[in-house]
Amino acid sequence: MNANNIIKSLTEKFPNEILEPNVESNIRISSYVDKDAIVNVCKHLLETLEFDHLSCECGVDYPDRNEIEVVYHIASYSHPVVLTLKAKLDRDEPQIESIVSIYWNANWYERETYELYGVKYTNHPDLKPLLLPEDMLGEWPLRKDYEGFPNKTAKNLV
Amino acid sequence: MEQTIAPSEMLLHLGPQHAIQPGPYLLDLKLRGETVVDAELEMGYIHKGIEKILENKTYLQGITITDRICYLAALTNNEVFCNCVEKLVGIEPPQRSQYIRVIMEELSRIQSHLLGIGEFSTDLGFVTMFLYMIREREEVLSLIDMVTGSRITHSYLRFGGVREDLPEGFAEKAMSVLNDINKKLDEHEDLYNTDKIYLQRTVGVGVLTAKIASDLGVSGPPLRAAGVAFDIRKNEPYLVYNDLDFKVCTEKEGDIFARIKVRLDEIRESIYIIEQAFDQIPQGPLFPVGTPYGRRTPVMRVPAGEVFCRVEDPRGEMGMYMISDGSDKPYRVKIRGPVFPTMQALPPLIKGTYVADVAAIAASMDGCTSEADR
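Note that the protein sequences, when read in sequence, are chains P and G. Residue numbers for the first sequence follow this note's numbering, so the first one is 2 and each next one is one higher. Residue numbers for the second sequence follow this note's numbering, so the first one is 3 and each next one is one higher.
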């Protein structure tokens, strides 16, 4: 399994959904993905390209661009290539379809991203906070404009 | 988990404070008789917000924070953090530093596995073994202490190298301790293999097959015990692991016994790696020559970019995703610990087992709540 072949297969299958594919090295690929196509892309990755291991899923906040990116690191148990998929979401109402039906262990990563960034995952089996208490829901602590709870802690500590 | 409980069922809270747990988490079990019919894991009791703290610390300060993710794997946590920064900056540690890192990380793997096996044995009521393992582990910790100056949270790695060189006579001291451990390990394994109660409680219990383990995203010893030879040191070699000869320890059964066997074998393999590293370690500088990186790295700015690094933690695949915006602090750090998916796999694994086996299964996964919660 070769990085260039993977990119080729992806762009052929999804010409409009896979944007700015980039081969960083022979074991690292990154690409933007249209947020509506994420489930289909993941299904293709799992079924034909041996990407059977969701290594990591997280959010990144970009207040300047008014965007939240959801970043998927998809790896494999059989080859060393790691694919970084990024989906851009609107920061005011971030929403994306859940990939739990494809990768089972996305469940907790999505719950974590939900409580820390406020990304709503549709079709998630049980979307509720994982690490934080229920009453912190709506604070979205890992967003860059988070002020601290309750209005103190980490803000002035460097 | 369905909260409705039939008259013949019972809800049991295991935790958040319980003697069998490596850290605070809450395991809700729904029991019918003695069988677990449903389970749910709740965590967050030791959430430290390390990802947010790292965004507010300079890169150099960040090293000490990564120690605190999990003190058993402090050196590998340092490694993955330094690895990310080194890749962003574009430097590579000199050969001698890479060998020192390998030696220290394998020592750290040995002590983590020893404690993991020891804690597991206590949960089975095999307290003798815990004392043996702790005795052995203390020797290894003294070795690490000799080099880094501290037993658990070392902050030993620096960008582009390591803080201190190996002290004089370290190789001889280390090999005598490790050969001793190697011998004692055979005796301990005999004790395990001949103990009838131990065998009854571990063989065929908590079976995680290769297909299910990889579907659940598990890595490390629980996965290798199921027969999948997945090891970042082999799959995606970092440091000088390419020049060292070692095998990925696997078993086929995927039960508790196999998981402990894999850990015991990995200790032997780590000793073998350290032995080779001592033979092959070259002389030379600890930091790349001609760069500002050294023991006293000043306030540094890291070029903008992003990187995802993986290393093999004692417990599995440790990954870190770092985004830099060109300032002296990381823009975003995501820590992908190996225990997070392992803990996630626990509720489906204990479904259908006896409640008495829950402790043994949970301990055999070698979870670390501190790392899962971060």
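It is worth saying that the hints were derived from the structure and are not from the lab. Treat each hint with caution, since some may be false.
[Said to hold, decoys possible] Now the stretches of chain G that chain P is said to cover, found in silico as 3 or more residues with beta-carbon under 8 Å: (1) 6-17; (2) 26-32; (3) 66-73; (4) 122-132; (5) 280-287.
[As the list claims (entries may be wrong)] EDC-like mimics (lysine to aspartate or glutamate), calculated; alpha carbons at most 20 Å apart, straight line: (6) 213/G - 48/P; (7) 54/G - 51/P; (8) 236/G - 140/P; (9) 87/P - 327/G; (10) 331/G - 148/P; (11) 145/P - 30/G; (12) 89/P - 327/G; (13) 50/G - 135/P; (14) 213/G - 148/P; (15) 50/G - 25/P; (16) 129/P - 44/G; (17) 145/P - 53/G; (18) 353/G - 127/P; (19) 129/P - 42/G; (20) 59/G - 25/P; (21) 54/G - 127/P; (22) 50/G - 140/P; (23) 145/P - 40/G; (24) 213/G - 140/P; (25) 50/G - 53/P; (26) 54/G - 53/P; (27) 129/P - 40/G; (28) 54/G - 25/P; (29) 14/P - 68/P; (30) 89/G - 13/P; (31) 186/G - 197/G; (32) 331/G - 135/P; (33) 236/G - 48/P; (34) 54/G - 146/P; (35) 175/G - 271/G; (36) 59/G - 146/P; (37) 54/G - 148/P; (38) 145/P - 330/G; (39) 129/P - 277/G; (40) 44/P - 44/G.
This structure is a prediction, so every number in the text was calculated from the model and none was measured. All C-beta atoms, glycine included, are put in the ideal place defined by N, C-alpha and C.
Status of each hint after checking the structure:
no.: 1; hint: 6-17; result: violated (count 0)
no.: 2; hint: 26-32; result: violated (count 0)
no.: 3; hint: 66-73; result: violated (count 0)
no.: 4; hint: 122-132; result: violated (count 0)
no.: 5; hint: 280-287; result: violated (count 0)
no.: 6; hint: 213/G - 48/P; result: holds, 15 Å
no.: 7; hint: 54/G - 51/P; result: violated, 33 Å
no.: 8; hint: 236/G - 140/P; result: violated, 42 Å
no.: 9; hint: 87/P - 327/G; result: holds, 17 Å
no.: 10; hint: 331/G - 148/P; result: holds, 18 Å
no.: 11; hint: 145/P - 30/G; result: violated, 35 Å
no.: 12; hint: 89/P - 327/G; result: holds, 18 Å
no.: 13; hint: 50/G - 135/P; result: holds, 16 Å
no.: 14; hint: 213/G - 148/P; result: violated, 44 Å
no.: 15; hint: 50/G - 25/P; result: violated, 33 Å
no.: 16; hint: 129/P - 44/G; result: holds, 11 Å
no.: 17; hint: 145/P - 53/G; result: holds, 12 Å
no.: 18; hint: 353/G - 127/P; result: holds, 18 Å
no.: 19; hint: 129/P - 42/G; result: holds, 13 Å
no.: 20; hint: 59/G - 25/P; result: violated, 28 Å
no.: 21; hint: 54/G - 127/P; result: violated, 25 Å
no.: 22; hint: 50/G - 140/P; result: holds, 16 Å
no.: 23; hint: 145/P - 40/G; result: violated, 38 Å
no.: 24; hint: 213/G - 140/P; result: violated, 39 Å
no.: 25; hint: 50/G - 53/P; result: violated, 31 Å
no.: 26; hint: 54/G - 53/P; result: violated, 30 Å
no.: 27; hint: 129/P - 40/G; result: holds, 19 Å
no.: 28; hint: 54/G - 25/P; result: violated, 27 Å
no.: 29; hint: 14/P - 68/P; result: violated, 27 Å
no.: 30; hint: 89/G - 13/P; result: violated, 31 Å
no.: 31; hint: 186/G - 197/G; result: holds, 17 Å
no.: 32; hint: 331/G - 135/P; result: violated, 30 Å
no.: 33; hint: 236/G - 48/P; result: violated, 24 Å
no.: 34; hint: 54/G - 146/P; result: holds, 12 Å
no.: 35; hint: 175/G - 271/G; result: holds, 19 Å
no.: 36; hint: 59/G - 146/P; result: holds, 17 Å
no.: 37; hint: 54/G - 148/P; result: holds, 12 Å
no.: 38; hint: 145/P - 330/G; result: holds, 16 Å
no.: 39; hint: 129/P - 277/G; result: violated, 49 Å
no.: 40; hint: 44/P - 44/G; result: violated, 29 Å
In the structure shown, a violation is registered for the earlier hints numbered 1, 2, 3, 4, 5, 7, 8, 11, 14, 15, 20, 21, 23, 24, 25, 26, 28, 29, 30, 32, 33, 39, 40, in ascending order.
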